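Undergrad: Below are the chains, spelled out letter by letter.
Protein chains: 2
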Amino acid sequence: MQKPQNRPFKVLESEYLSHEPWFTVRRERVQTPSGVVIPAWYIFEFPDWVNVIALTREGEFVMISQYRHALGDTRFELVAGVVEQGESPLEAAQRELLEESGYGGGEWRAFMTTSPNPANHTNRVYTFLAVGVEPIAEQQPEPSEDIRVHLMSREQVEELLSEDEIMQCLHSAPLWRYMAENPL
Amino acid sequence: MQKPQNRPFKVLESEYLSHEPWFTVRRERVQTPSGVVIPAWYIFEFPDWVNVIALTREGEFVMISQYRHALGDTRFELVAGVVEQGESPLEAAQRELLEESGYGGGEWRAFMTTSPNPANHTNRVYTFLAVGVEPIAEQQPEPSEDIRVHLMSREQVEELLSEDEIMQCLHSAPLWRYMAENPL
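As given, the protein sequences belong to chains H and G, one line each in that order. With the numbering used here applied, the first sequence covers 1 to 184. With the numbering used here applied, the second sequence covers 1001 to 1184.
The hints are simulated quantities; they were obtained by calculation from the structure and are not laboratory data. Remember, predicted model here, so these are calculated numbers, not experimental data. Misleading hints may appear alongside valid ones.
Said to hold, decoys possible - Okay, the calculated bits of chain G under chain H, using three or more residues with CB under 8 Å as the criterion:
1) 1072-1078
2) 1100-1107
3) 1125-1134
4) 1157-1171
What the hints assert, rightly or not - Once the Cα atoms are required to be at most 16 Å apart in a straight line, the calculated EDC-like pairs of lysine to aspartate or glutamate come out as:
5) H:K3 / G:E1163
6) G:K1010 / G:E1028
7) H:K3 / G:E1028
We treat Cβ as the ideally placed atom computed from N, Cα and C, and that holds for glycine.
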């Protein structure tokens, strides 16, 4: 399938509204190829994010649960985090798995690259698949993090996905991909 | 799998920074259950969104391509949009399919509910599966929208997914779910 021809906006004005962590925002006045002016297009700048589908030697999924404030709910998710300055996405994913779950080792490979929302998020999300991880340390979450680790069978993960209980689409997309590519 | 116990933050202060369309933002000072104070948690309020996996009678996928400004690129996507005031998600999805592609009819069912990011987005995304749609009108996009329609075979969609060409995770999550639940 051929990539679609790019039909970009013309940027007429661009202004930063904020430069805070988790809140770096640009507002742009843009013009579409057909000449329509959109007075305010908001762009959220984030560093790249990572997450990891980690499977133990016994084939269990290393999942976590964490409170998610915008929904006011605690949900099952993949281990995930931010690519820090100077890190590669792989290094960030390995660090996050160790910090959030205490698991490490295993064979790692790049699995999927997604965008949280290409309309208004500048960053990409890199998912890794880690096979054969094992507990190698204590969990070391940030002081502000409240993360529980849950080892799950494939059937349990598939049931949670089917019931929309793993709601975060940055996590359900790679998990559904894994299920599609590795049918039982 | 039992739902994890909810472990919410306590909200110490809450302030709206903006009330614009596509930019309604709250900043909150919150306290974790362990007592750590996080001085600024940003919450983006959006209306609910919808998207649709639409299949023609011949089994082709009704896909679109559209310029996405934060990535500066034009990508393949599902038909998608915003649930307007007074609409149900189903009505919004049927309206968006007609406006963006000119397709309608068929059998519709709720397929999946996701969150763009439960940490900082308040809204949900409802995906519908519409089977047996057909061209019933001219495309009627908004003046600011520049949308091309692409009819694709299942193999073409799966190839784009595999190559991370459908990057928007709100769209790749339901498409991968469809592939997992409807193996060839």
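Undergrad: Check each numbered hint against the structure and report the violated ones by number, ascending.
TA: Hints 2, 3 and 7 are the ones this structure does not satisfy, whereas the remaining hints hold.
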